[in-house]
Amino acid sequence: MNQIRPDDRTLEELFQKTLAAMDLPADKMKMLREFPSDKKWDIIRDRDQVTAKHPPQYYIDGLKTYIRGANLVPKALTLKKKQPVEPSTQLLSSLEISLRTNNIGWVHEFLNTNNKGLDVLLDYLKTSLEVMREIDSANDNDFILNGHNHLLSNSMLNNGNHNYTDENSTTKRSTLGRSDARRLHRKIKKYQIGEATDDVRLCIMCLRAIMNNQNGFNLVIQHPSALNYITLSLQHKNYR
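Each residue of the sequence shown is one higher than the one before, counting from 1 in full-length UniProt numbering.
Everything labelled a hint here was simulated from the structure, so no lab data went into it.
Quick caveat: nothing in here was measured; it's all calculated off a predicted structure.
For each residue, glycine too, the CB sits at the ideal point set by N, CA and C.
Heads up, a few of these hints could be off.
Calculated lysine-lysine pairs in the DSBU-like style (CA-CA distance at most 30 angstroms, straight line) [as the list claims (entries may be wrong)]: (1) Lys39 <-> Lys28; (2) Lys28 <-> Lys17; (3) Lys39 <-> Lys116; (4) Lys17 <-> Lys53; (5) Lys189 <-> Lys53; (6) Lys64 <-> Lys17; (7) Lys190 <-> Lys116; (8) Lys53 <-> Lys64; (9) Lys116 <-> Lys28; (10) Lys39 <-> Lys17; (11) Lys189 <-> Lys64; (12) Lys30 <-> Lys17; (13) Lys116 <-> Lys64; (14) Lys53 <-> Lys28.
If you anchor each label on the Cβ, the simulated ranges turn out as follows [to be verified]: (15) Thr10 <-> Lys190: 54 to 64 angstroms; (16) Leu32 <-> Lys53: 41 to 51 angstroms; (17) Lys190 <-> Ile4: 21 to 31 angstroms; (18) Asn112 <-> Leu234: 22 to 32 angstroms; (19) Gln57 <-> Leu234: 22 to 32 angstroms; (20) Asp42 <-> Gln222: 33 to 43 angstroms; (21) Asn215 <-> Pro55: 16 to 26 angstroms; (22) Gln235 <-> Ile43: 34 to 44 angstroms; (23) Thr51 <-> Leu234: 28 to 38 angstroms; (24) Asn114 <-> Pro36: 33 to 43 angstroms.
With the sequences and hints as input, model every part of the structure.
Shown next as structure tokens:
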């Protein structure tokens, strides 16, 4: 884009196109429209210069790999799994930045009915919550978290209704014994799954970035399990 600021009329036309592409809630759009011309021009240039680091499918495939990697279903252990290209915490951090800074078309592609990125992200959030529960259980020999028994129980974690299928989904996993817990730690290391507490925090940040546009906000609010997983995340003792 030409770096010389255009006349006010052209600037307003460009700014309206930029706002439309950002798909922001009405209150945020109203606030941005009140910005001075120089600030509007900065926003136009910043949005024009954004280049996506990876396509949405890169992050979706990575999250599915981590979900399968953390799974302890016997059948799944026999499957050949693709090794992740980077640690989960690093991928989630990159995804959060992409959701927050890429153009709205990239976000819509991540969320569309073919990719179902929101469902995959929520399933990984649930997986991380389960890993946190198992680690707490191994350390404390009970499930008393935040003063309540079974705060992260299977019934609460599995009450969602995902719109994509994964035969290795963690919804099939029950409470682990000590030998399974050790095996989980080995699998976490093998599949470059980071600290569950960090990954839960980053998943919540990704959801917040998704909700920055109107379409994403509606999808999260209307999702059958999103608010439940967010609540469970915030109730855990590590986030008090």
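These are the hints, each one checked on the structure:
Between lysine 39 and lysine 28 the CA atoms are separated by roughly 15 angstroms; this keeps the pair inside 30 angstroms, and the hint holds. For the hint pairing lysine 28 with lysine 17, the CA-to-CA distance comes to about 15 angstroms; that is within 30 angstroms, so the pair holds. In summary, the hint linking lysine 39 to lysine 116 is not supported, as the alpha carbons are separated by about 35 angstroms, beyond the 30 angstroms threshold. Simply put, lysine 17 and lysine 53 have alpha-carbon atoms about 23 angstroms apart, close enough for the 30 angstroms limit, and the pair holds.
About 26 angstroms separates the Cα atoms of lysine 189 and lysine 53, which keeps this hinted pair within 30 angstroms; it holds. For a cut-off of 30 angstroms, the pair hint linking lysine 64 to lysine 17 is broken: about 35 angstroms separates their Cα positions. A C-alpha spacing of about 26 angstroms is found between lysine 190 and lysine 116, which places the hinted pair at or below 30 angstroms, so the restraint holds. For the proposed pair lysine 53 and lysine 64, the alpha carbon gap of about 19 angstroms is at most 30 angstroms, so the pair holds.
Annotation: proposed proximity of lysine 116 to lysine 28 holds, straight-line Cα distance about 26 angstroms (limit 30 angstroms). For a cut-off of 30 angstroms, the pair hint linking lysine 39 to lysine 17 stands: about 15 angstroms separates their Cα positions. Between the alpha carbons of lysine 189 and lysine 64 the distance comes to roughly 16 angstroms, so the proposed pair stays at or under 30 angstroms and holds. Proposed proximity of lysine 30 and lysine 17 is supported: the alpha carbons are some 14 angstroms apart, at most 30 angstroms.
Taken as a hint, the lysine 116 and lysine 64 pair is honoured in the structure, with Cα atoms around 11 angstroms apart against an allowance of 30 angstroms. Distance check on the hinted pair: lysine 53 and lysine 28 sit about 26 angstroms apart at the alpha-carbon level, within 30 angstroms; holds. Under the hint 54 to 64 angstroms, the C-beta atoms of threonine 10 and lysine 190, about 55 angstroms apart, fit the expected range. Roughly 25 angstroms separates the CB atoms of leucine 32 and lysine 53, a value that falls outside the hinted 41 to 51 angstroms.
The supplied range of 21 to 31 angstroms is broken by lysine 190 and isoleucine 4, whose beta-carbon atoms lie about 54 angstroms from each other. Roughly 28 angstroms separates the CB atoms of asparagine 112 and leucine 234, a value that falls within the hinted 22 to 32 angstroms. A hinted range of 22 to 32 angstroms for the beta carbons of glutamine 57 and leucine 234 is consistent with their spacing of about 30 angstroms. Checked against the hint of 33 to 43 angstroms, the pair aspartate 42 and glutamine 222 passes, with Cβ atoms roughly 34 angstroms apart.
The hinted range of 16 to 26 angstroms is satisfied by asparagine 215 and proline 55, whose Cβ atoms lie roughly 19 angstroms apart. Take glutamine 235 and isoleucine 43: their Cβ atoms lie about 37 angstroms apart, and the range 34 to 44 angstroms holds. The beta-carbon spacing between threonine 51 and leucine 234, approximately 34 angstroms, falls within the hinted interval of 28 to 38 angstroms. Separation of asparagine 114 from proline 36 is about 41 angstroms and conforms to the stated range, judged on CB atoms against 33 to 43 angstroms.
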